[in-house]
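In the order they appear, the protein sequences are chains P and A.
Basically the numbering used here = 1-based index in the first sequence + 21.
Basically the numbering used here = 1-based index in the second sequence + 18.
Accuracy of the hints is not assured; some may be wrong.
Here are some, though not all, of the chain P residues that point toward chain A, as calculated from beta-carbon distances under 7 Å [claimed, not checked]:
| id | residue |
| --- | --- |
| 1 | TRP49 |
| 2 | GLY53 |
| 3 | GLY96 |
| 4 | VAL161 |
| 5 | LYS164 |
| 6 | THR427 |
| 7 | ASP448 |
In case anyone wonders, no lab produced these hints; they're calculated from the structure.
Where is the CB? At the ideal position from N, CA and C, for every residue including glycine.
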Amino acid sequence: MKAYSRISLLTALVLVTFLVPQLKAQDWVRTGTNLSNDRIRIAAADVKPVGDDPQTPALKTAFDFTLYSDLANAGIFDLVSKSLAPQAVPGSQQEILLSQWSAAPCNAAMVAFGALSVTKGRLIVYGWLDDARNTESPQVLGKQYNEEASLDMARTIAHRFADEIILRLGGGINGIAETKIYFVSSRSGTKEIWAMDYDGQNQHQITHLGTISMSPRISPDNTRIAFASLGSEGWAIRMYSLEIGRLVSFPAGVAGGLNQSPAWSADGKKIAFSSSRSGNSEIWAADANGTNLRQLTNFAGPDSSPTWNPRTNAQLAWVSGRTGLPQIYTMEEDGANVQRLTDGGYAISPSWSPSGQFLTFSWNRKYGPGAPGGQDIYVMDITTKRWLQLTHDAGSNDFPSWAPDTRHIVFERSIGGRTDLWSMLADGTEQHQLTQTGNNFMPNWSWN
Amino acid sequence: MDILLGGGEQLERGLAPEPVMAPAAGSLLLHGGLAALLLAYGFLGGLFHHSQWGNEAGGGTIQVKLVSSVLPLPSDQPPNDNVLATDMPSQAPAEPAAKEKQAVDTSAIEIAGQQVKPKQQTVARVPQSQVTPQQNNKAQYGEQAGSSIARATQAPTPVTIGHTAIGDADFGSRFGWYVSNMNQAITTNWYHQEVNSSTPKGSRVYLVFTIHRDGTASDMKFAQGSGSPTLDRSCLRALQRVDSFGALPSAYLPSSLNVSYYCEY
Chain P
22 MKAYSRISLL TALVLVTFLV PQLKAQDWVR TGTNLSNDRI RIAAADVKPV
72 GDDPQTPALK TAFDFTLYSD LANAGIFDLV SKSLAPQAVP GSQQEILLSQ
122 WSAAPCNAAM VAFGALSVTK GRLIVYGWLD DARNTESPQV LGKQYNEEAS
172 LDMARTIAHR FADEIILRLG GGINGIAETK IYFVSSRSGT KEIWAMDYDG
222 QNQHQITHLG TISMSPRISP DNTRIAFASL GSEGWAIRMY SLEIGRLVSF
272 PAGVAGGLNQ SPAWSADGKK IAFSSSRSGN SEIWAADANG TNLRQLTNFA
322 GPDSSPTWNP RTNAQLAWVS GRTGLPQIYT MEEDGANVQR LTDGGYAISP
372 SWSPSGQFLT FSWNRKYGPG APGGQDIYVM DITTKRWLQL THDAGSNDFP
422 SWAPDTRHIV FERSIGGRTD LWSMLADGTE QHQLTQTGNN FMPNWSWN
Chain A
19 MDILLGGGEQ LERGLAPEPV MAPAAGSLLL HGGLAALLLA YGFLGGLFHH
69 SQWGNEAGGG TIQVKLVSSV LPLPSDQPPN DNVLATDMPS QAPAEPAAKE
119 KQAVDTSAIE IAGQQVKPKQ QTVARVPQSQ VTPQQNNKAQ YGEQAGSSIA
169 RATQAPTPVT IGHTAIGDAD FGSRFGWYVS NMNQAITTNW YHQEVNSSTP
219 KGSRVYLVFT IHRDGTASDM KFAQGSGSPT LDRSCLRALQ RVDSFGALPS
269 AYLPSSLNVS YYCEY
């Protein structure tokens, strides 16, 4: 009996083990840190024009060009040049032959392609992003756009598609293809506030005040621009509403003294600016509607150019001249924990990165008579105070402003008697001139 | 005499034993009282706390926030602290080696009709080249880009990470972009400063966890330690800091995904 019961127990166990239905097999992924840091090799195929509407060729060209330059500007791709890409123009998943794109000389890891058609005044674009090395399930993205048929909308659709690709492949950071840059231009005769797309397209004038306006700062919700303007009562901070197309009141910005360099906090609730109404130029802050004015600094020497920490909205970086030459400092909003970041030279115009970790500013580290030095753009890691010089030997560079993806910086360069706006990657590469006419200053990249 | 003799009372008084008990008791009482007062002051003072240490408004220790400061751009070179030109080897190739002297062929037949001077001496004088030092084909000078700020962005490595599991239909090859997003999320939350700097380079700790359909991670466990407890802990903390990895791709049918992740110092 004992042996029998043991055997039966064993049999029962064996049966139970093998007859229990198998759970659905789950996949394993094995990965880790310190893997390759390469750029993603992506090929942007021309979109296939569908239909015979006469607008199609022009819109297709605008779309192709815009998509290609957006992907090239992103900073994370190794874009396959058009001469290496296959001649094929696939218009759908059935038409694309991935082996063409993943073979030499193209060697693409990803392919972006699509189809464009114009019907009854509507521009319809289908866009796909495929993984060229994965023949089983290549599709990563599939998008459809339907907008009014115009050159502007063709560019906008290309910007949107590029943003989707950058978001998906760039580790979750939004692309900047739909962001705008606000700047000062004197090409109309007086210094007014202008706006343009992030790649320099579509430059248009916003204010028509007929006086000098400087340091525009767009609000985080893209509705208002705060800027400093010379009026009858002196330099005041003014607010321009983009929704209603005229100035709105900002009571805190008008007072005796010099009011300059406004800065929005990332939640859109506070504006810090420098004002000399107390006799000495100090940092003041007010609510976004101009009330609740309060003084934030009370130090010897001039204090100006504040910028908020966009992550905490409770820290400021600003320029202080208490030691003589202007240096960059950070502090909490209540004045505590004042830290000095630059150790010498002439440091101005700080801008806090959207990730909250870096400051970019203009610095002349060897300022002084007889010392060879240029005003260059630097990026500094706030916690470790390590810096990286971005511009070298190319004019006088000032007023840097971060893009919302923490990958791009727009700045002002004075060289050869002209002042223009340039954009570059945050490691100093890919410097592109954005403006060509007039003199252009003090750019500000929008928040999204 | 009387004065002398009259000092008897004084003598008596002088000879009389000093009163010791009363003053001694009094002294004991006094000292005991003082000690008791001191103790009482210490005890009662401790009961009513004054902030004699530190900033009253702050309260608590200073919070130091470790930040993983990384520019989200790819880089070909690791971060370094070189600011000036260095003597690190440059990428340019070295100059080509000097051409050796052409040796004279002694077995060549002399052309008839011409008196050719014997060339044996010249042949013997072809210099015996000593063993030349190993030519390192890189120029021994150069400049290295001073870039002390770290970069991180991950490419969607298509297939071969570690060893391929079940063939090319596994998650890594189908959704390489999801794996790279996951790598990015963990790497940006991994703070190198938490790891003891004496940890040998290249040590790896392997973590195992599960990602659910909504992107949240659970069941984090150590699969293989690295030998450095600080590295192990910092890798686990990095994983815990991630709120969500993003929803699992809809083309992936099972409800969860098992991940084996290593952190390499």
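message: Check the structure against each numbered hint from earlier and tell me which ones fail, lowest number first.
response: 5
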